[in-house]
Amino acid sequence: MAKKTRITIDEYYCKGCGLCIDACPKGSLAFAERLNEQGYHPVECTDQEACTGCSLCYVACPDSAITIEKE
Amino acid sequence: MAKKTRITIDEYYCKGCGLCIDACPKGSLAFAERLNEQGYHPVECTDQEACTGCSLCYVACPDSAITIEKE
Amino acid sequence: MGDKILMKGNEAVAEAAIRAGCRHYYAYPITPQSELIEYMARQMPLAGGTFLQAESEVAAINMVLGAAACGMRVMTSSSSPGISLKQEGISYIAACRLPAVIVNVQRGGPGLGNIAPMQADYFQATRGGGHGDYYTPVLSPSSVQEFADMAPLAFEIAEEYRTPVVIFADGMLGQMMEPVVFPDSYAPQKDPSAWALGCKREGEFCNHIINSLFIDPAVLDQKTRELFAEYDRIRQNEIRYERYNLDEQPSILVVSTGTAARVVKSAVDALAEEGIKVGLLRPITLWPFPYQAVAEAARGVKKVLTVELNMGQMEQDVRLALAGSCETAFVGKAGGLVFTPEELTEIIRGYAS
Amino acid sequence: MGDKILMKGNEAVAEAAIRAGCRHYYAYPITPQSELIEYMARQMPLAGGTFLQAESEVAAINMVLGAAACGMRVMTSSSSPGISLKQEGISYIAACRLPAVIVNVQRGGPGLGNIAPMQADYFQATRGGGHGDYYTPVLSPSSVQEFADMAPLAFEIAEEYRTPVVIFADGMLGQMMEPVVFPDSYAPQKDPSAWALGCKREGEFCNHIINSLFIDPAVLDQKTRELFAEYDRIRQNEIRYERYNLDEQPSILVVSTGTAARVVKSAVDALAEEGIKVGLLRPITLWPFPYQAVAEAARGVKKVLTVELNMGQMEQDVRLALAGSCETAFVGKAGGLVFTPEELTEIIRGYAS
Amino acid sequence: MRIVAKRTRGLTSARLTYCPGCLHGVAHRLIGESMEELGIIERAIGIAPVGCAVFAYNFFSCDMIQVPHGRAPAVATGLRRSRPDCVVFTYQGDGDLAAIGMAETVHAANRNENITVFFINNAVYGMTGGQMAPTTLAGMKATTAPYGRDVEDTGGPTRMCELLATLEMPWFITRVSLLSPKDILKAKKAVKKAFKNNLDKKGFQFVEMISTCPTNWGMDPLRAREWAKQEMLPVFPPGVYKDRGAEQEDAS
Amino acid sequence: MRIVAKRTRGLTSARLTYCPGCLHGVAHRLIGESMEELGIIERAIGIAPVGCAVFAYNFFSCDMIQVPHGRAPAVATGLRRSRPDCVVFTYQGDGDLAAIGMAETVHAANRNENITVFFINNAVYGMTGGQMAPTTLAGMKATTAPYGRDVEDTGGPTRMCELLATLEMPWFITRVSLLSPKDILKAKKAVKKAFKNNLDKKGFQFVEMISTCPTNWGMDPLRAREWAKQEMLPVFPPGVYKDRGAEQEDAS
Amino acid sequence: MSTTRILCAGFGGQGALLIGKLVAQAGMMEGKHVTWLPSYGPEMRGGTANVMTVVSDRPVGSPIFTKMDVLVALNQPSQDKFAPRVKAGGLILSNASLCTPPSEKAQDVKYISVPLTEIAERIGNVKAGNMVAVGALVELTGVVGPETVKHDLTEMLEKKNPKLLEQNLAAMDRGAEFAREHQA
Amino acid sequence: MSTTRILCAGFGGQGALLIGKLVAQAGMMEGKHVTWLPSYGPEMRGGTANVMTVVSDRPVGSPIFTKMDVLVALNQPSQDKFAPRVKAGGLILSNASLCTPPSEKAQDVKYISVPLTEIAERIGNVKAGNMVAVGALVELTGVVGPETVKHDLTEMLEKKNPKLLEQNLAAMDRGAEFAREHQA
Ligand SMILES: Cc1ncc(C[n+]2csc(CCOP(=O)(O)OP(=O)(O)O)c2C)c(N)n1
Ligand SMILES: Cc1ncc(C[n+]2csc(CCOP(=O)(O)OP(=O)(O)O)c2C)c(N)n1
Ligand code: SF4
Ligand code: SF4
Ligand code: SF4
Ligand code: SF4
Ligand code: SF4
Ligand code: SF4
Ligand SMILES: [Mg+2]
Ligand SMILES: [Mg+2]
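Residue numbers (the working numbering), protein chains in the order written: chain D, 1 to 71; chain B, 1 to 71; chain F, 1 to 353; chain Y, 1 to 353; chain H, 1 to 252; chain X, 1 to 252; chain A, 1 to 184; chain E, 1 to 184.
Pair ranges (Cβ atoms, derived):
1. S185(F) - E30(A): 22 to 32 Å
2. A187(F) - E226(Y): 40 to 50 Å
3. K189(H) - G27(D): 26 to 36 Å
4. G148(H) - E30(A): 32 to 42 Å
5. N36(D) - R223(H): 14 to 24 Å
Just so you know, the hints here were simulated from the structure itself, not pulled from any lab data. Heads up, the beta-carbon is just placed ideally off N, CA and C, and yes, glycines get one too.
Extracted from the complex, chain D is given alone in its bound form (with noise of 0.2 Å):
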């Protein structure tokens, strides 16, 4: 059994620059359809299942949006 992982992603900092969504090798990221207070779409997890917790998201993203927890 894959061991448990969540990964958050805090809108408040989040400009939608889609860095993560290019680093994560699970494809576990998108853009979500809405904007946030700042004017972007911000990331999302669609897929927590898939996510491995490699941190690459969290090493890409230039404003720290992202946070990662293990079990």
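Fit chains B, F, Y, H, X, A and E with the ligands to the known structure of chain D by using the hints.
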């Protein structure tokens, strides 16, 4: 018979630094006893005969005080 | 006269300079002046002139020194902190008696401040912010058209008196668009060959020397007095100002320049509609300052208000002009705040009643 | 009190600064200030302080900014062209509300000028030669003793009001020797730990930030008004001047400062012997200027003469002080020429008769 | 659940003012993380330049000072000589460090001042709207090089690591890339090493970071990264240009 | 009798203001001679720095301008772009060029400005009375380094040729010595070549000349020269550091 | 004395500045006095851009104003920030695609919500939303004639990009139509 | 009111500045007001150096003066330049080794020519010529007491260089003797 040369030191420019004396392979140059109007002992040619016109004194002189003529 | 063109002040003054024959421009980017350097970057090469982005404001003003020494029509521009860095160079250019034009698109200060429009470099501009005894003519535009027109004017004054000239603009004048018309022709450059570098002819006895070092105080004193004789000539010929609503005796005289004066005009108009007579004297040359014009305009008024976008600088010149002959007050905003016409109307109304 | 020591002004002010606790000094050589930097080079290491010859005046003033931001007693010195280069930095230090001491051993200007004593940086010093709304207190010594005494005074003022302070000397004061006595003790430094950098403690919530950028004009306006409130306090507490021969009603009032004022004193004495009563008001703080003291001293006199070693700068402050209440005249020399007592005696006699 | 990655305490909670995808943010994070990991947040003093990073005083949680354009190394000199117990760093753009600040940079390096310089090279003046920088590539367009940079007229891209490495004194000079997660992980090591060297009072540390400016390059963040990989890295090759620590080890 | 050597027409008849035995005078003569020989006195514009050579505007017989301390390369940029038909040269001391003028020097070199820079390295601030220069040697005393230059604190002697040679664009960078008649004859060739290259519009020419300052070193002129040979030449080795002309020849 | 003060605001990239410029340009062509003043500087980074435009019968004093006759709000933050500053009798033209109508409406202020993005999409150029706004603005205020704006647009784009010109002109027309039909 | 203005001038290296300094120092020790102001700067390069010293009963106004009571001229150019500026009743003390007496002597000015170099050579230190001048100067003017100068010299040199001290004191004495014997 040696070729004739004439070396002139313009006392107006000479600051008695002695670099020409050092440069002269023939030992033809020496300080004068007197002071010039700037307060320096100007250099004189003490041995025009020995001078070969090699121009090393001219090359060494920082104050462009030396003229060398040849026949 | 050409067509009206809607242009930013920063671009209009650059275009006007090129049309007036400026072919050398050196500057360093800074907000809110950057459209000026960018316009020059695009257009100067097309005009066959030299555009160079210098490595700093210090380098830029010294490149100007070089081009001016060759008798070129040369300009630089910057904004407040960058102008501070140019002070040593400006002092040299003034001392060397060279014509050059320096545009200051002022921002908020002191320090890094901000990029909002301000008039807080008044003292620096009018009292020779660099070291030593010198002044520079200072032209203060109040619209994009006037900003543009001051480029040729600045070159003419610079060349006539062999002095650097400062155009004293601000972020608002630089950034805003207004209609501009460019004249069809410009005064030709004064021939600099009697003193400029690079003009020595084969066999000519005398080389040209540009220098500001005069080790003997008596000589430097003499040179300074010659410089100040030119300043007297400038005072005689070049003082410029606008009188607005001054034909009938006003109860209040406002003295204000540049961007601030625009807002004052709106207030003056509004008060006129209320039947309150307020006149405006707008200095266009800040140095030489129109002392006499201010004193004359102040005759019979209740109070003279100086309105500035700073904490009070030109108001000293106003007091010097009046020499106690009239009560004065200062109305200012700092930090890059600009008065609204409504605010100013209310303030002036307060003094009028 | 220690013994009398015969010292150059440049060295005396350096020694006094060290005694007063200055432990950081950054500067760049320039005549006629170099003995100051050289003295610091020798003595500062012995006092356990930091001496560093910066790569330029621009670098030096920014090193001062760094040390001041850490709450150190820090000084720099230069002469006119070098002071021009420091203007951006001084504007920042003022805007950041940091204490620092800047010594200007003035020389002849504008441009490279010469190295003779002059007072032509008066406008620059008193009108915040850099960009934006700010002033710096300016202390003007007239003897080597006073020059030395101004080092501790400058630090005290700098720290009390968190502002850069300028000591406005000149080549003569820097180069001449006079007897100096140093006091036995000096006022301790004001604790800077509430704002200085490097004072953050483990777990402390707030970091210290030194900054002059206030992008919102309303905030910069507010900051500027806070700064000017301090200036009001300085005006209230720190105005200094000397009254000489003013107890009996003089017929002529001379206003003069620094080196020029020394010569004036000789002339005043000489004229007193002839029975001509001339008084001297010597501003010691040039900013804030003793407007009121000048106005009071001018009561009942025939004429107010301003004597300066320049083409007329402080004379504007004198006219501002008098606001037309008295006739004025300006007597100056440019280029680094210094009046002889005889000359000046004759000139003043001319006005008295 | 245990947190394995989250916003570092070395940064404040303020939202960064950089454009979306601008790698200034990555550089910030690396610095913040390194300060946190080395436990120096309380004894670090950072310098915000003039440039897009001008607001950095709001972003790093250590003590901060904002200084005149280009003069950060001079201010850092004053800071570190005042507080030798603190770790002083500057954060500078290419305009700031290599144009107006060239003299201050070279001389602080030559004095081996005990400071860390983070140099964000994005080949452009970001803040002021895309003017040419000393590091702008040959032929690259900028608002003040509208016809592309002509190196015959305005010079070639300034390579600061190469230039500074000719000096004898500076301790550690390196160039890293921020253009991929892998590069970023490497960059992190350099940042941390630079701080560590300052803690050990080794002297001048210079970490150039190849970054992007999506806004002024007119590219989206991903394309900007790709472009930089292709165009900038060959001109500005990552690597260690000087490491007196390693030299000493080699010698021993 | 025919004259084989006499004061060059490239110099005016004014007495030089340098101290006895100061090699500034030799540098002047080489420049004056080269201008005369190349026939460019009428089209040369020289720049006098701030330094002992500040009065150089009285000494060279071409057009001259005296400029702010350290800014000669910037002024030269303005001059040469205004008068591309002229040959523009600067004459600068080590304080002028390598301390306050570092940024202007590096950037003019990087732009390959078509100017010749004569750099007189005497390891000291001569004019102002013997303060430390960027080129002051390790341990050497100066009025602002009274206990000898501590390179750990104030940095090592700046080697400008080495530093500038890292740049791609500058054309010709060389260091020569003025310390013996033989060296002077070599130096002359470099001076002339540099001028020649400018005539050919090749770009930036940099001729560093190792000189002396008998006065501030406290030595007589001969001892100063010997000292410089022993102490300065090893730190500042003469040689050609960059010669794009030769590179091109090599390549062809 | 007829003076119209117009503030256009939106996210960077939505083209707020161009709306103001087209109005100012047209005003100038019609012989009016005009000023156009953008917000500028680092606030731009990721934030909102706005521009103040004044069109008047007489010389314009201050180009800066705090209260305006017309607000064109291309996004919610702009509407939130500036709506309270619209004068009585004034107009708010908002981007229906990104703004919800204010909960408290000012008494004397007209509010019209135009689906800029949708209309632009229908025309085939999603970026022409600002041109839709220009059409509506000109229609509702009459501050300048639509033909003048179109003339200017034609001069600007005719040669460079005829396709874009066509789209822009259509966008203006659709905006005007919408405004006519939905006048508050 | 007693004020003495002394100008000492010579080639750089002849020690003119030190003459002034010793007088000023002694004046200070005797409770007088003193100033000492050297010429400085690039004129020094190879040129002449001079120093203006004032010793007075009351605070000194200007330390600069154009006319002087005493001129110490260590070389010909200095004598040529400054001799015309010596006041009536004043004194010129010149270096016989390097100066020829002026052809036109001012009426009321004492002129004494001291063979400084020769005397110094005889003492065994050719560089002590300036000390010979100090001795003569103090003897002829009484501006300060010779003992005060000697006291200062002793403090300065006693530890650092006793041999030099001895020579300097001897030089002063010989200078004073010569002056006494050759008073004009
Ligand atoms: C003295 C001075 N000159 C110019 C400026 C304007 N200015 C602000 S930032 C900047 C350049 C920024 O470019 P860079 O250093 O590369 O930083 P980036 O924004 O690209 O990160 C300039 C020229 C200024 N504030 N002060
Ligand atoms: C802005 C400025 N700073 C400082 C000075 C003072 N200054 C004059 S010459 C000089 C240094 C000269 O040294 P260098 O360049 O090595 O020339 P050298 O005299 O040795 O030939 C300095 C610092 C000045 N005139 N202007
Ligand atoms: S932690 Fe790794 S797998 Fe999970 S979302 Fe981030 S990049 Fe994708
Ligand atoms: S990298 Fe960060 S800012 Fe960019 S889209 Fe992902 S979470 Fe948002
Ligand atoms: S020319 Fe040669 S031989 Fe003659 S004096 Fe000069 S150095 Fe001596
Ligand atoms: S080298 Fe020249 S200046 Fe020196 S002593 Fe000889 S002639 Fe005189
Ligand atoms: S302008 Fe460029 S460097 Fe600046 S924040 Fe935006 S993307 Fe980053
Ligand atoms: S001080 Fe030194 S460099 Fe200057 S002229 Fe004298 S010897 Fe030459
Ligand atoms: Mg950049
Ligand atoms: Mg030197």
